[in-house]
Every structure is written in structure tokens, then in C-alpha cells.
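Trainee: Chains as they are written, first to last, in the numbering used here: chain A, -2 to 350; chain B, 232 to 312.
Hints should not be assumed to be uniformly reliable.
What the hints assert, rightly or not - Below 16 Å or equal to it, Euclidean Cα-Cα: the simulated EDC-like pairs (lysine to aspartate or glutamate) are:
#1 B:Lys309 to A:Glu198
#2 B:Lys237 to A:Asp307
#3 A:Lys346 to B:Glu242
#4 B:Lys309 to A:Glu131
#5 A:Lys309 to B:Glu242
#6 B:Lys307 to A:Glu198
#7 A:Lys309 to B:Asp241
#8 B:Lys284 to A:Glu92
#9 A:Lys346 to B:Asp241
#10 B:Lys307 to A:Glu131
#11 A:Lys306 to B:Glu242
#12 B:Lys237 to A:Glu272
#13 B:Lys237 to A:Glu268
#14 A:Lys306 to B:Asp241
#15 B:Lys309 to A:Asp197
If you are wondering where the hints come from, they were derived from the structure by calculation, not from laboratory data.
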Amino acid sequence: MAEIQTRMGDGYTVSMTPEEVREDLVAGSADAARRGKIPVLEPDELDYLFEMFASPTRIWGVERGREAVLSKDGSTNSLYSAQLSSGVGLPLSREQAFRTFERAFGFDTMEIGHTDYSVKPSKPIVVLEQNHVEAVLHTTIIPVFYGFMPNLGLYYQPDGPFPNPSDLLPKGQIAEARAATEEALEVCYNDLVWMTEKMDEVGADGINYDTTASTGDGEFLATLRAVEWAAKNTHLAVEVGMAAECVLGFHGQLEYNGKRLAGMWPHQQMEVVQEAGGHIFGPVVNTNSRKSTPWNLARAITFVKACTKDAKIPIHPNVGMGVGGVPMFEIPPIDVVTRCSAAMVMIGKADGL
Amino acid sequence: MQLSKKMRLDEAKEYVAGKLGVSVMDLCDSTVMRRLREELDIGVITAVAGAAKGLEAKARIADLLDVRINCVERLKNKMGL
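Use the sequences and the hints to build the structure in full.
Mentor: Here it is in C-alpha cells:
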């Protein structure tokens, strides 16, 4: 067989021999299995991935009948925002963008979210956000989510009132860093609950806590508690999308229902989100830009399979720029985006993306 | 169905296909579904005058699938239904 054209994790084209592709598939899966203490991919699954990468077609897809649904994060920023949100700078209002996603792009869910897509900046303009949610609820059919990132980092100095663990930990002030995290996460939790309630009031269909645990285990705990509150007190569908494949232990000792959050891998994150009452869990597997896409995708699917195997709620892995096997590049190339997406459904058994 | 009842994908497809009276393969067939959606008046992708749109379509979907949709319930509350 001639050499196979695929991509590296940075998006650039690479030519690999069939043997090199197979080696990378096996190695990527083995890396995930070692870290997460989960099974590697089966031989027939590796064969599917190899066949997919060896095919010269530019576009790859799922088999007919295996179509999955798309849920969205980042709201309508993709259309009207700038490069900071991977946006294309179109002069569209959020309502116009929302309807474009439904009608022209065929999305299955969509979000309204603040341009500065975090819970803390959304609070002062909540009434505006509620009005925009109400507007699209009247004019669209797909589920309307309100989305934001918990983003605990904004509660630390210089952006917030609490001392910053990133400053305290290098000085060996571990107790002080833990205290700061514990105080900040309470305020973040209160904000998450407050905004969630506001969206339930106006009839939103769901709430999306995006990039959860970006600031580590403190943020994960605040979010899990908010999920618990939302599941008990609202009629919102609760989606939790993660920020990274492993929860960083800035605190290190925080637990949810007796399970330590620091160091959790996707299948362990899924369990606590499910326990908290979440409706959809979106695992993240980070792309290594120095490795090939076959390596990255096999690794990502190994982690995702460990989630879907035992999940009692739908699993929508994040498959986008730099996650889910997709290269870390501003405009991810469609040849590997379609392969990663299809493989997540066919082999990873994802319920959506 | 994933949002309202936490159904996994296969179960959700079976449920919806059952409610609509079609096979799961038909559910995934855009040609079949385009016609069916117009017949059931639950919203179509092209702009057809007179077809249910927005919240109208959503309310019909809630009835058809026997699911609670937050904004539909809000509409009923506003109208005293």
C-alpha cells in the first residue's frame, strides 16, 4: 500500500506508512489505557480506524442509520465574534445567528451565551440574557440552552477578590491556596445557581456548564453542586462539558460524595456528573500537537469508550479544535474532523457530539 | 429525549420512531422526514408559509412525543391553560 496522507496534531499534513499508522493507533490507545486504567481498543476497532485513515476520501461519515445529534457550546460566538472565540466576525445579532444555526447549519441544539462566555460577567446583564433567550424560544424549534463557563479563575486576583492559588502554591503556601479555593468556589457556586435559576424562570430548555474544571478541582466541585441544585430545583436539562481530560488538583483534597476530584479521568468525571443529576456529559480528551491524528484519535476514543460503556446518561464528547482527536488548529481540516467525528460515534459509541 | 428523559441515542431513536410511526432507518432519512414533518406540522427546514414555526412547532412536538418542554409549559402558564 502506498503511503497514507493524514495529519499531525497541529493540523499539518504528514505521510505515514501503513505500519506507522497502525503503530500510532495502538500506541495512542495504550497511552489512554495506561493513564486511565481502562481497556485498550479491540482489534476490530483498530481495523476500522486504520481503514478510515487509509481511505483516500477527503470526507468520512457514519453509516446510514448511525447518525447522532449535535449539541453546541460557545453559543453563537462562532458567527458574530472574533478570533478569540474562533468567530468569523459576521454582522449578526444573537437571534439571527441562532436561527442561522438551526435553519442553515442544521444544528440539533443551540445556545445563547454572553460574548464574554463566563458566569461572572453574565450576572450583571442577566436581564438582557433572559430577553435574548426568550426571543429565540419563540422563533425556533431546537432546544435552547443558556451556556457559560464556571471559570473559577475569574474569582481570583487580579480579576476577583480571592487570593490566587497560582501565586500561593509556588511559595509553598498550600493551606492558604486551599482556603482561597474553598472560599472562591462557594461564591462561584452561588453565581452558577443564581444564573441557572434565572434561565429556568424564562423557560430555557437547558443550561450548559462549559469547560468545567478549567481551574481544577475547586471549579469541578462548584459545578457538580450546581448540577445537583439544578436537577432538583429546575426543569432544565443540564449539560456539563469538561475543559480537559484530567481534573487538575489545585486543592487536591476536595471530594464529591466521597470521591476525590483531583486526578479524575473522563470515565470517573462522568460518574460524578451522573450522580449529581446531569443530563448530558461531554468528556474532553486533549490533542497532543506533536503526535499524529491516528495516535490522538485512538487515544481519545479509548477514553470516550470507557465513558459510554457504563453511562446511564447521553455522552456527547467534545470534538473540535484541539480535542477529541481533532488537530489543534484554528481551522481544523475537514478530512480529519469528519473522521474523528464519525469514529466517535461508530467506535466510541457516543450519543452525540 | 436525551434532554427530557436522559435517553441514550439508540433508545431515543426507538422512542421517537415509535411515536412517529416510522422505522429508525426512516427517522434518519431526510427525504422521509421532510415529508413527515410537514404532514405532522412540527416544523420543516425550508420557509413554508402556514407551517408551524418556533414555539408552535415545539408545542406540537411536546404533545406528539409526550414530553415536557420548559418553554411550552411557560406558554401554557401565560395563557392559563
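Trainee: Hints first: check each against the structure and report whether it holds.
Mentor: Hint check results:
Of the pairs offered as hints, the one joining B:Lys309 and A:Glu198 holds, with about 12 Å between alpha carbons and a cut-off of 16 Å not exceeded. For the suggested pair B:Lys237 and A:Asp307, the alpha carbons sit about 14 Å apart, so the restraint of at most 16 Å is met. Under the criterion of a C-alpha separation no larger than 16 Å, the hint pairing A:Lys346 with B:Glu242 is consistent with the structure, at around 13 Å. A hinted pair counts as satisfied when its Cα atoms are at most 16 Å apart, and B:Lys309 with A:Glu131 qualifies at roughly 13 Å.
Annotation: proposed proximity of A:Lys309 to B:Glu242 holds, straight-line Cα distance about 11 Å (limit 16 Å). Restraint check for B:Lys307 and A:Glu198: satisfied, since their Cα atoms lie roughly 14 Å apart, inside the 16 Å limit. Taken as a hint, the A:Lys309 and B:Asp241 pair is honoured in the structure, with Cα atoms around 12 Å apart against an allowance of 16 Å. At most 16 Å may separate the alpha-carbon atoms for a hinted pair to count; B:Lys284 and A:Glu92 meet this at roughly 15 Å.
A distance of roughly 10 Å separates the Cα atoms of A:Lys346 and B:Asp241; the hinted pair therefore holds under the 16 Å criterion. As the CA atoms of B:Lys307 and A:Glu131 are separated by approximately 15 Å, the hinted pair is consistent with the 16 Å bound. As the CA atoms of A:Lys306 and B:Glu242 are separated by approximately 15 Å, the hinted pair is consistent with the 16 Å bound. For the hint pairing B:Lys237 with A:Glu272, the CA-to-CA distance comes to about 13 Å; that is within 16 Å, so the pair holds.
Under the criterion of a C-alpha separation no larger than 16 Å, the hint pairing B:Lys237 with A:Glu268 is consistent with the structure, at around 14 Å. With a CA separation close to 14 Å, the supplied pair A:Lys306 and B:Asp241 stays within the 16 Å bound. In summary, the hint linking B:Lys309 to A:Asp197 is supported, as the alpha carbons are separated by about 15 Å, within the 16 Å threshold.
In this structure, every one of the numbered hints holds.
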